[in-house]
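For the protein sequence lines, the chains are A and B, in the order given. The opening position of the first sequence corresponds to residue 23 in the numbering used here, with each subsequent residue numbered one higher. The opening position of the second sequence corresponds to residue 23 in the numbering used here, with each subsequent residue numbered one higher.
No lab work stands behind these hints, which were simulated from the structure alone. There may be inaccurate statements among the hints.
Copies of one chain are not kept apart here, so a pair can be met inside one copy or by any two copies together.
Said to hold, decoys possible - Computed cross-link-like contacts, EDC-like style, restricted to lysine to aspartate or glutamate with a CA-CA straight-line distance of at most 20 Å:
| hint | residue 1 | residue 2 |
| --- | --- | --- |
| 1 | 106 | 139 |
| 2 | 225 | 180 |
| 3 | 294 | 140 |
| 4 | 106 | 150 |
| 5 | 295 | 94 |
| 6 | 295 | 180 |
| 7 | 225 | 49 |
| 8 | 106 | 143 |
| 9 | 136 | 49 |
| 10 | 323 | 176 |
| 11 | 225 | 150 |
| 12 | 323 | 140 |
Number of protein chains: 2
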Amino acid sequence: MNTQHVRICEVGPRDGLQIASQMMPTDTKLRWIRQLAAAGLREIEVGSFVPPRLVPQMADTAAVVAGALGIEGLTVCALAANLKGAIAAYEAGVHVLAIPISVSDSHSRANTNKSTDDQLDVVSAIVDWVRAQPRPMRIDAAAATAFGCSMEGDVALERVVRVARALAGSGVDAVALADTVGYAHPAQIRSVVRAVQDAIGAKLVKLHLHDTMGLGLANALAGLDEGIRSFDSCLAGLGGCPFAPGASGNVVTEDLVFMLESMNYPTGIDLKKLLAARALLAQALPQETLRSGVAAAGIPKTFHPRTALVG
Amino acid sequence: MNTQHVRICEVGPRDGLQIASQMMPTDTKLRWIRQLAAAGLREIEVGSFVPPRLVPQMADTAAVVAGALGIEGLTVCALAANLKGAIAAYEAGVHVLAIPISVSDSHSRANTNKSTDDQLDVVSAIVDWVRAQPRPMRIDAAAATAFGCSMEGDVALERVVRVARALAGSGVDAVALADTVGYAHPAQIRSVVRAVQDAIGAKLVKLHLHDTMGLGLANALAGLDEGIRSFDSCLAGLGGCPFAPGASGNVVTEDLVFMLESMNYPTGIDLKKLLAARALLAQALPQETLRSGVAAAGIPKTFHPRTALVG
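Build out the structure end to end from the sequences listed, making use of the hints.
Below you can see the structure in the form of structure tokens.
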């Protein structure tokens, strides 16, 4: 019997809200984050330090971080794509900084206005700056479009490996592979994860998966099979990608938790409480489609969560 | 590189339509079946021989079978749950008879008004009758609720194995395991498939999966890993289960084909033509939700179908 803990990082307040058509007020974000934490989520990406004119939904991230830091036991994550944002994240007091870097040059330029190589330099500069500060801050780098790009199509495995190696070499704490546009399939997850593990070992920590083609959980399963024990996901499968029209959002946290707990991987998350946190979303984001098989059908009698067993 | 062919049996015209709120006229069913066959589906469950007062949508199954038999290269399947239905299927000329038998006694009584053991006797009687006829007809038995039951909850593995063994012993050509209400998870798929393979070997041929909890494709992947090379699915994920309220339907054929072809398992199916067959569904069943990630997002640039390569 497998009993390895799987860590889920809820990215809804960042990845989910950044492309939502409605703005969520700061106090609503914080009520939502508190509900997620109460359901057992120990790591939440609460926002991003990016120019408000580009992503107005994230303009209040410093205030959201300040509120989230008051939640006991919660690891507060935020995203920043450049040094200015990283400094703001540090000053706001975040525990974990997530830095995106696109393996696809075209996506990199569209997303951060920099080539992949130039963004690698940005990551190095951020790491150097953070390491020179008195307070430690974990740095996670996310290799975006690692499984395909809506602009370039296929992304060469050699390029993914090169970026992962450069990120590990720059001194980040952890590397995530992101299927930003949701084109990955399970065989690809396996081969890319193996190649990156061969290159950087345990520095490859996490997968960030989207459910564009309906393969999100199948891809998570393939990652699990390769030893991945950390995943990003969004409550109700919010999110998406501005460069993948028609795409549904991130892997659905509720369904991922259902799968993991059913398979005897404890997540520390109470599925009932997690489902209850959807009510706030339905109210605050009436125009968004809230997905989740488990939410639609209800938790079945056959569900025997692992987390309940371990306390 | 894996190059094993995977056989998909489209069950939309039976499992998809039987709980649809609208009736589909016979000629529309046949237009749809012709489109599916033109997309490369070589096996289609076109209807069921069940009392029309119980399932009025299937009242025209003999006529649908007659039309489908005119499609070159198509293996025409139909479902029947008792000898009377099996005789009607034989007389209609179907190539493959699918017989359901619920592993859960409660579901068996609700579905066929018989206990599991009594339904096993029905299967034996059908096999004996069919084998005494001049024309051969393949007989597939589907062990329903093999992964859980909305009424009974957990279904004991020993019971699944006992039913599978009895089915194999009765002389059916193939056994399928059905996650009728969609409660299965990948670890369970693996353990049940292995146990049934240990009991009946290659007589276990197929999985019939539902997407209730969003785990349909993850479960298909688990089955693939255990050597399963045949799956039921429904275009647009139609279907569902009258005993699992809120449940979404069967595994989505389009997304399953996308996953398999991406993973280098040829299916013989042309994904573009398959997606085109949704238009008829949208028109004929305006009240049904047509699912599919691939349909919503479009076929990505990164899709390199295996079927195109093998011709």
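Taking the hints in turn, this is what the structure says about them:
1. 106 x 139: Classified as within; 18 Å inside a copy, 70 Å across copies.
2. 225 x 180: within (17 Å within a copy, 43 Å between copies)
3. 294 x 140: neither (45 Å within a copy, 39 Å between copies)
4. 106 x 150: Within. Shortest intra-copy distance 13 Å satisfies the 20 Å Cα cut-off; inter-copy 78 Å does not.
5. 295 x 94: Intra 17 Å, inter 54 Å, cutoff 20 Å: intra-copy only.
6. 295 x 180: neither (42 Å within a copy, 34 Å between copies)
7. 225 x 49: Neither, since 35 Å and 59 Å both go past 20 Å.
8. 106 x 143: within (14 Å within a copy, 74 Å between copies)
9. 136 x 49: Close neither inside one copy (34 Å) nor across copies (57 Å); limit 20 Å.
10. 323 x 176: between (42 Å within a copy, 7 Å between copies)
11. 225 x 150: within (18 Å within a copy, 61 Å between copies)
12. 323 x 140: Classified as neither; 52 Å inside a copy, 26 Å across copies.
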